[in-house]
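Number of protein chains: 2
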Amino acid sequence: MSQQPKSQNITKIETKISREDREKMMGQKGVTVWFTGLSGSGKSTVAIEVDRILTNRGAVCTILDGDNVRHGLNSDLGFSPEDRNENIRRIGEVAKLFTETGIINLTAFISPYRADRDRNRQIQGEGDFIEVFVDAPLDVCEQRDPKGLYEKARAGIIPEFTGISAPYEAPEKPEIVLNTGDQSLEESAGIVIAYLEEKGYINKA
Amino acid sequence: MSQQPKSQNITKIETKISREDREKMMGQKGVTVWFTGLSGSGKSTVAIEVDRILTNRGAVCTILDGDNVRHGLNSDLGFSPEDRNENIRRIGEVAKLFTETGIINLTAFISPYRADRDRNRQIQGEGDFIEVFVDAPLDVCEQRDPKGLYEKARAGIIPEFTGISAPYEAPEKPEIVLNTGDQSLEESAGIVIAYLEEKGYINKA
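Chains as they are written, first to last, in the numbering used here: chain A, 5 to 209; chain B, 5 to 209.
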């Protein structure tokens with residue numbers, strides 16, 4: 005479901021190595037594990053723990069999050085609805101590049117709009133996109149407030165803050181739901197790992 | 005040399021797995037091998053052959069080229085100087101994400117402007133960026149004309165075509181020069197592989 009580029013002068017070049025060749029060589033299947041949820045819900049924390057477990061098992065993984073994307077690729081974008089939309093679009097396209105290389109790609113973005121996430125699911129294609137709803141209640145997230153952002157949002161210092169002054173649209177049919185308000189980090193990461201094993205993205209430990 | 009993002013609310017999160025951990029696990033060092041040269045000079049052809057050889061040796065590689073980038077991430081960009089600039093900037097940032105994951109990342113873009121390539125070298129950092137000048141003479145490229153683009157450019161159907169109606173600024177200090185007008189594909193790919201071995205990005209075969 006790639007878009008038509010502005011130029012029609014881009015020719016398809018066949019590589020000699022297919023995605024399947026790469027996956028076979030690495031002993032895994034490329035996939036994007038898309039964590040979505042409120043600020044402070046634990047998206048990055050769970051993604052980092054899953055990355056640790058998988059890499060120690062010899063899997064090739066990467067993490068895309070606000071730190072490495074907002075400071076680089078998307079440093080020209082702010083937090084207006086249009087910029088959030090373009091932010092998530094570009095992340096989806098980069099995620100696809102990693103996935104097609106056979107890499108297990110963990111993304112941790114609030115990604116509050118359902119339409120943006122659904123578009124990325126379409127871009128990736130069926131089986132290449134696992135939506136993980138990190139479902140911690142707002143009051144839990146606000147109590148944690150690890151970066152002090154809720155306090156600033158309540159004080160009006162940060163405008164358009166998801167859950168406070170901007171909407172969060174919960175996933176309707178996520179592949180995985182994590183209740184990080186109740187579950188331990190080990191439990192949450194374990195649920196994701198078990199899903200990846202069960203569906204054959206990684207070998208069983 | 006990351007840019008400051010528009011938002012100051014992005015916090016640095018430490019992953020538990022370092023770049024070095026990933027590189028050790030894969031037995032290679034992450035790097036961007038940036039092929040630059042005229043249309044028809046053989047950038048993609050050499051990149052695809054290097055990818056084939058490396059992957060068959062067990063290395064984790066990827067190729068970024070017009071096909072997978074212009075149809076996806078940069079489908080909103082055309083070929084004006086500003087759009088070419090943004091095209092190459094985004095590719096540089098994506099290349100950095102792959103490099104920091106420890107992957108050998110082969111990029112094949114005309115990338116005609118020296119300033120754009122030099123900026124990407126800065127973004128990546130010393131040792132993470134290998135510039136490969138694919139130096140085939142214009143008349144050789146035009147004679148090959150594998151996509152029929154030179155013919156269209158000469159006829160004025162394609163405006164701003166590098167080498168015909170738009171400039172190509174040759175690299176001043178590329179790490180590698182390939183004379184694909186004289187060398188065979190095997191020779192050209194072999195020069196790149198030998199460089200990667202010599203500098204310790206990959207193990208010797």
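Quick caveat, the hints were computed from the structure, so don't treat them as lab data.
It is possible that some hints are incorrect.
All copies of an identical chain are treated as equivalent in the list; a pair is satisfied when it fits inside any one copy or across any two copies.
[Said to hold, decoys possible] Below, a list of computed lysine-lysine pairs in the BS3-like style, where the Cα atoms sit at most 27 Å apart: (1) 177 with 33; (2) 156 with 208; (3) 156 with 177; (4) 208 with 20; (5) 156 with 28; (6) 177 with 151; (7) 151 with 20; (8) 208 with 177; (9) 28 with 208; (10) 203 with 151; (11) 151 with 33.
Here is what the structure says about each hint:
1. 177 with 33: Intra 22 Å, inter 39 Å, cutoff 27 Å: intra-copy only.
2. 156 with 208: For residue 156 and residue 208, the Cα distance exceeds 27 Å both inside one copy (44 Å) and across copies (54 Å).
3. 156 with 177: neither (32 Å within a copy, 49 Å between copies)
4. 208 with 20: Cα proximity of residue 208 and residue 20: across copies only (22 Å, versus 30 Å in one copy).
5. 156 with 28: The answer is neither: 48 Å in one copy and 41 Å across copies each exceed 27 Å.
6. 177 with 151: neither (29 Å within a copy, 44 Å between copies)
7. 151 with 20: between (46 Å within a copy, 19 Å between copies)
8. 208 with 177: within (26 Å within a copy, 48 Å between copies)
9. 28 with 208: both (15 Å within a copy, 22 Å between copies)
10. 203 with 151: This pair counts as neither: shortest intra-copy Cα distance 35 Å, inter-copy 41 Å.
11. 151 with 33: neither (34 Å within a copy, 33 Å between copies)
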